[in-house]
Amino acid sequence: MIDQSIIALLLLVNLRMFATSRVDSLVRCVAAQAFLLVCLAVVTHEGSLSWEAWTFLSVTGLVKCAALPALMTRALRSAGIRREVEPLVGYRVSLFIGLAATGFSVWAAEKLPMPAGAADPLVVAVALISMITGIFLIVARRKAISQAIGYLAMENGIYVLAPALAVHGPLIVETGVLLDVFVGVFIMGVIILHIRQEFRHIDIDRLSELKD
Amino acid sequence: MIADTFAALGGVALALVLSPFLRTIIDRTKARMAGRQGPPVLQPYWSLARLLRKGAVYSSTTTWIFRAGPVVTLATILGALCLVPFGGRPALLHFEGDVLLMAYLLGLGRFFTILAALDTGSSFEGMGANREAFFSALGEPALLLGVAGLGAITGSVSLSGIYGRIGTSAFLGAHMPAMIFILATFVIVYLTENARIPVDDPTTHLELTMIHEVMVLDHCGTDLAFIEYAGALKLWVLGLLITGLVFPVHTGSALLDACVTLACMFVLQIGVGLVESLVARLKMGRTPLLLGIAFVMSALWVMWVVR
Amino acid sequence: MAFFLLMSLLAYLLSGAGALLKGRHPAWGARIVPFGSLAASLFALVPVVYVLAGGSPVDFRASWSLPVGSFHLHLDQLSAWFALPVLLVSPIVSFYGAGYLRHHDRPLETDACGFFLQLLAGGMLFVLLASDGLLFLFAWEIMSIAAFFLVVFEHGDDDVRRAGWVYLVATHLGTAFLFAMFVLLGGMCGSFDFADFEGLGGVPDVVFILAVIGFGAKAGFFGLHVWLPEAHPAAPSHVSGLMSGVMIKTGIYGLLRVMVLANDWPAWWGWTFIGIGVISGVGGVIYALVQHDFKRLLAYSSVENIGIICLGIGVGVFGIGSAGPVARLAMAGALLHVLNHAVFKTGLFLGAGAVIQAVGTRDLDILGGLQKRMPVTGLSFLVASAAICGLPPLNGFVSEFLIYLASYWSVLPQGFPSVNLRVGGFVVISSLALIGGLAAMCFTKVYGTVFLGEPRSARVAGAADPEPCMAVPLRIVAALCVAFGLGGSVLMLLVSPAAARIHPLALAASDTTPLRDAALFYLNVTFAVCALAAVAYGLVRLRGRLLSGRAVRTGPTWGCGYPYGTPRMQYTASSFAQPLVVAFRSFLRTELGGDWPSGYLPGPSDFRTHTPGLFMHRVYMPVFAAFSWAAGWMRRIQHGGTHAYVFYILLALAAVLFWSLL
Amino acid sequence: MMLRILFLAPFAAGLASLGISSPRVRRRLITIVSFFHLACTLIVWRTGFEPSAGRWIGLDALSMLFLLITSVLFASSSFATVAYLRGHELPVESRGRFSREAVFTCAMLFFLGTTTLAILSLHTGVFWMAIEATTLASAPLISYQRSSRSLEATWKYLLICSVGIAIALVGNTALAVSVAFDPATYGLPMTFRDLAERAVSLNPVWLKVAFALILVGYGTKMGLAPMHTWLPDAHSEAPSPVSALLSGALLNCAFLGILRTNAILVRAGIGGYSNGLLAAFGALSMLLAGWFVLRQADFKRLLAYSSIEHMGILAIAAGAGASFGGLLHALNHSLTKGALFLLAGTILGAYHTKSTRAVSGLIRISPATGLLWIAGFLAICGVPPFGTFVSEFSVMAVLGRGGRWWLLAAFLSALGIVFVGMWRIVIPMAFGRPSDPAVCVPRSRPIEAADVPPLALCCMVLLFGIWLPSPIARLIEHASAIAGGL
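Line order of the protein sequences matches chains A, B, C and D. One gets our numbering by counting positions in the first sequence from 1 and adding 101 to each. One gets our numbering by counting positions in the second sequence from 1 and adding 75 to each. One gets our numbering by counting positions in the third sequence from 1 and adding 27 to each. One gets our numbering by counting positions in the fourth sequence from 1 and adding 34 to each.
Among these hints, one or two may not hold up.
Footprint (simulated), chain D over chain A, 3 or more residues, beta carbon under 8 angstroms [to be verified]:
| id | segment |
| --- | --- |
| 1 | 132-140 |
| 2 | 200-207 |
| 3 | 210-218 |
| 4 | 237-249 |
| 5 | 252-265 |
Just the calculated beta-carbon pair ranges, DEER-fashion [claimed, not checked]:
| id | chain 1 | residue 1 | chain 2 | residue 2 | range |
| --- | --- | --- | --- | --- | --- |
| 6 | C | Ala-578 | B | Lys-358 | 48 to 54 angstroms |
| 7 | A | Ser-126 | D | Ser-128 | 35 to 41 angstroms |
| 8 | D | Arg-120 | A | Glu-310 | 37 to 43 angstroms |
| 9 | C | Pro-134 | A | Glu-310 | 18 to 24 angstroms |
| 10 | C | Gly-582 | B | Leu-93 | 35 to 41 angstroms |
| 11 | B | Lys-358 | C | Gly-229 | 33 to 39 angstroms |
If you are wondering where the hints come from, they were derived from the structure by calculation, not from laboratory data. Just so you know, even glycine gets a beta-carbon here, dropped at the ideal spot from N, CA and C.
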């Protein structure tokens, strides 16, 4: 019951990421997405959680819902970036693509052979949607920061895919992955700042001096 | 064996003595056709004798090549003379592939003639030299291919073998068209190599249009005598290739064969004189075409011989 | 015996390295290369002569710690014969080169030149010895790359660098075909050892095609020859001599090496050779005729001679099926031409080098009158020119004589049922004769315009014969031309084991009597020529006698009544070739240019002709342009947009997932 | 213990370097750590290595080979790194503690550490983590110049590689899923070795999906077309020693992941599928790189595209089952490419341009550099007597033995195109008259200190072409057995 409603909420958040025109709203969406995914992980977990797992989940939640969005908001502010997303693909088309992606994800999740102990296929579907959302943001949005957000969204999707498929990596590996994501987004933010200083804009579109 | 050698030596001696006479035949034929008297019979001999008595003027531009030219030309023609059979008898020197030696000896002579012409630094002589080189490059395949055709018909790869074996049957049998084509080729090559009309006009007085004559403009005295004599011998040597075909009868008697050959040679020169009287000289640019025709004709024997 | 071979290779390597590392002894450096290569030649000549004189093939195997291939050297009659020109020419060339480069202003580059010269010579020997696919390619590439460095020796010149590129690309693309060929053979056989290839029981046609293209690019078959007229003018002359005289023959060697692996030779192989021979021979000589560049002309002439060799091989391929002397004679002729061409082409390039060094230009149209100023060079060049035209009594005649003789035999009616053979022989006779005539035209042009007449420009005035270390090699080459020509019979006997080695696997080697007979025939030639030399001498004496009491004057050349002739009015190389340009204009497509006289009182005018290479300008350059255009178009993929880049990943992912779930 | 030192020492040194204020000491630290690493590697190699089951970190022959490559490259490029830092002296405020240069040094050492970790990790998750960490560690190296171009390159590198590696993470998940079907393998530790041993009981569909994702994911990092797009930018904009490391060490690491995954599929009996994919990507990379080499105007980009081409060769070798040739080629390529990038740095220093047109007469400006530049390109084109010739030929030999003619044709034509394009650029660069005497002054000495490391690398490649030392041959043989799934 709870998990279904979380899934529904996640769907809505993802679709909002397709359609939103503001960067700050994107940041909020990705934070919400992360929060919901952590919740989903807690809810779909079988049996009781050990204290290590609790710690890990809370650290994940903190990093993904608070630290990284805060970092981005800061980058957004200090770099003085305008708040428009500046899409390459229009919002309406994006929304339709989002719907199509949703359909595809559900179909794929139903289609794939699932191992014993796997969660509801819808959880897998929602993980897939999050990943597709992330990639879509990278491909179809012009600003560097929206690409960083896309990367984060994608990581969020992957993060939930593993428990959804009943895959539990060793804790140290999971921590390492989390650390990597954190440092990655952190460095992205740093680079965005530098780019801002150097170029006076952060349109990836115009970052095309290097070509053949 | 020894008899053959003596017969061949006789042939060579005949050539050495009689070859200047061939010019007389041609010139007198032309004169008769034009209604003139023509030069005396021994005129070529007198000319040679007079040239041999003269001194010499050499251009200061020239080197030893210029002096070597006439000598090499004469020597190579003498060599060729020893390789060509006279009257169906084996030549003085005969071996498989002797035709190559003959053709390339002629080529050696030509090589030096051309170089001697270029040695003078005269543009007229250069003009003649390049024409000679180009036309002979086109004429040579025709000659060698024609001989190859004869070889294919008679089954021999030496000149003496070919001319010894060739008989009237060659003309009467299935190879008749091939023989005729080869003969025609030889005639064209004969006219070309000896610088006769329709390729070259030995009597022209305009240097721009000459081929062979212009190349030897600077030679005089003894050198010119060598060249003239070599020219006469060349007329003889290549003539033998034709006479052997025109009258391929072997009587068995060396003397009779020799007489027949001489008669044929006489007729051949009259023919050359007639051609010179009746045919106009080709435009310079058309000559490659004539030689091309000769080449094609020399190649046509393949259709009858190789089945 | 193998010891001598290894020592020879080592001598090449060490003397090359010695030239590079000679330190502070410049005099040493000038000597180490020539004497090194002399030593290497002497070492290698021992087994080579041993094998050619009837000894058993030399075989050497060593373990080699590489994943594929083995260190297998093998010297049989075929490789011994091809080694002969290498061993003969490389010392000559390196002595000459030491003099040629003595005054070069960059000692470092001169040392490098010596090093790569040794590497080239050693590489060629290595190619001939290698009896393993990997080892062969190894040696092959070393040889090619060494030659590349030699070609770009004078790299300050734009044309030289371009030539280097053309050469490198041509040789490497050719080698790519060889890679394919060896991989194919190795794939079928499971090993890359030549000895194992023989167990294959024949080679597929595709191997032959790959070999023709791959080796043909090195040999300079017309169509694949584009690098020759670029590289030979660019390289220092002694290097051109070695490359043109010897290196391109390794292509022929490779082709023969592959052919002897076949079980039998289909008729179309013969036609391939004859076709290549006719096109290369005639095309090569015609292009040679229209060149103004001294060394470019010689390069095209090499294409022509490769054509002659191919004609011989072609007749030989047909002849192998039928009894009789044809195959043996033709193959022997082709092999002899390999040696002879090496000798006289080296002579021509060395002579050209002496002229270029003395005068400083390769343009034929501004040379002239050098025979008086450089008598030694002139005489050697004359001998080599006559030899390349196949004139008796020089060595060119020996090989052409054999090929002709084989072709004449092949058209004979008795005993040869094969129509292919007879028609092939017929084609060979006609094209050989045409090639011979045109070659004579070509080399009378060269010798006449360079050495005879009056100088066409002031540059020529100060020219003089080169110093002895260049002049002596020139004399040696000329002497070799005469000696090989007079001793043709000996050469024929010497080549007979090598010629007997060239036959399909399934056929046993037949006897060598045809060559013994031919050697006897050729004795007649030697005799006749000697007699004629005596006659000529007699004529000279006669002339001397006749002129002795008479006035012998010198004066200006008779100008046909035109008294104002200047040296510039002489016939030039271009005008000499003019009838040919007219006759073959549809094939040559010569470009005419310059300011033509116009009006009633024309001012100064000039006239130029330029004949661009047919394949270079009509095939390869358009193809390259197309490739280059396509490459430019393809670059849009990398247009700089990160979005698109991620999108590519997405596409790849979709494609791969689709494929995996299919 | 030794293994821990191998990857922990660089981390520790990196952290320490942040706090060092003296640039001289810090720079010396790079060299010291690199050579310490090399020494440790050699000791490990000498003492032997026991691959242990179930371990996450371990050393088998395959990792030993790649460790050797990486260590040699780091050691030989450490001088160039120091020279680079010295040559591009930053203002004083950027040289102290926690300054830009300190971060660079730290990132450099971290890069060494993460690369070592990636090579040593036998666990899929650890491997992934390490690979992503190499990306993060190397990003500050690329952006060191802080020019607009280098920032752009860094951004592309970071984003594209992160996306790619994220896809590989999905692949890891899929790999884990494939374990969960059979009770026999349920709960299996996710090490490559365990997976390979139980490969037959894994779920083939998920295995295929996993391989597809891992191939695309790590393929991005490895530089296989069409995921290669970041590679030319990053390689051309990074400082040359860093380019050498990226090309010589980093790409190999990603390849290692693909190779190990491929071995699992081969053991599972669906090697045909994975080999086909590898060969297809390899051929595409080779051909595409060839086209881009053809009209290249920037010599560092040229080298980058050449790396793509060689990664294609590695992929084809892996796909054709020519593991021995492929691994030998990985070794040869890394050494050669390292030398070439180091030389490119020297050239860049002498001419102050990356444009191929502006560079000429190198051999007269600096004979040793010019000769090495030519030798390096000969090696990279697979011309004997260099080792690349042997390795390429042995790959081709396997292609021929397998009768894969189309692949062979693609292989040869790509090599041909690359050759044509490269030499059109290299000949005018190396030969001719020096372009501008005002810009580039001929060196007084024929050989400079900067030429020594590339010379050493070239000599190694030369050695491998003439005589492959038996310890290395044995190492590669063992490694190829692991890579081939035997």
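**Asked** Is the distance from the Cβ of Arg-120 (chain D) to the Cβ of Glu-310 (chain A) consistent with 37 to 43 angstroms?
**Response** 28 angstroms, violated
**Prompt:** Count the residues of the segment 132-140 of chain A with a beta-carbon closer than 8 angstroms to any beta-carbon of chain D: does the count reach three?
**Reply:** Violated, because only 0 residues of the segment 132-140 of chain A bring their Cβ atoms closer than 8 angstroms to Cβ atoms of chain D.
**Whether chain D covers the segment 237-249 of chain A (at least 3 residues having a Cβ closer than 8 angstroms to its Cβ atoms)** = holds (count 4)
**Distance restraint evaluation - Pro-134 (chain C), Glu-310 (chain A), Cβ atoms, bounds 18 to 24 angstroms** = 45 angstroms, violated
**Asked** Given as covered by chain D, does the segment 252-265 of chain A meet the bar of three residues or more with CB within less than 8 angstroms?
**Response** Holds: 6 residues of the segment 252-265 of chain A have a Cβ under 8 angstroms from chain D.
**Prompt:** How about the segment 200-207 of chain A: do at least three of its residues have a C-beta closer than 8 angstroms to a C-beta of chain D?
**Reply:** violated (count 0)
**Request:** Note whether the CB distance of Gly-582 (chain C) and Leu-93 (chain B) lies within 35 to 41 angstroms or breaks it.
**Result:** 36 angstroms, holds
**Asked** Should the hint that Lys-358 (chain B) and Gly-229 (chain C) are 33 to 39 angstroms apart at their CB atoms be regarded as holding?
**Response** Between Lys-358 (chain B) and Gly-229 (chain C), where Cβ atoms are some 57 angstroms apart, the hint is violated.
**Prompt:** Between Ser-126 (chain A) and Ser-128 (chain D), does the beta-carbon spacing fit 35 to 41 angstroms?
**Reply:** 37 angstroms, holds
**C-beta pair Ala-578 (chain C), Lys-358 (chain B): status relative to the range 48 to 54 angstroms that was hinted** = 42 angstroms, violated
**Message:** At least three residues with a C-beta closer than 8 angstroms to a C-beta of chain D: is that true for the segment 210-218 of chain A?
**Reply:** Check passed, 5 qualifying residues.
Hint compliance for this structure: hints 1, 2, 6, 8, 9, 11 are not met, and every other hint is.
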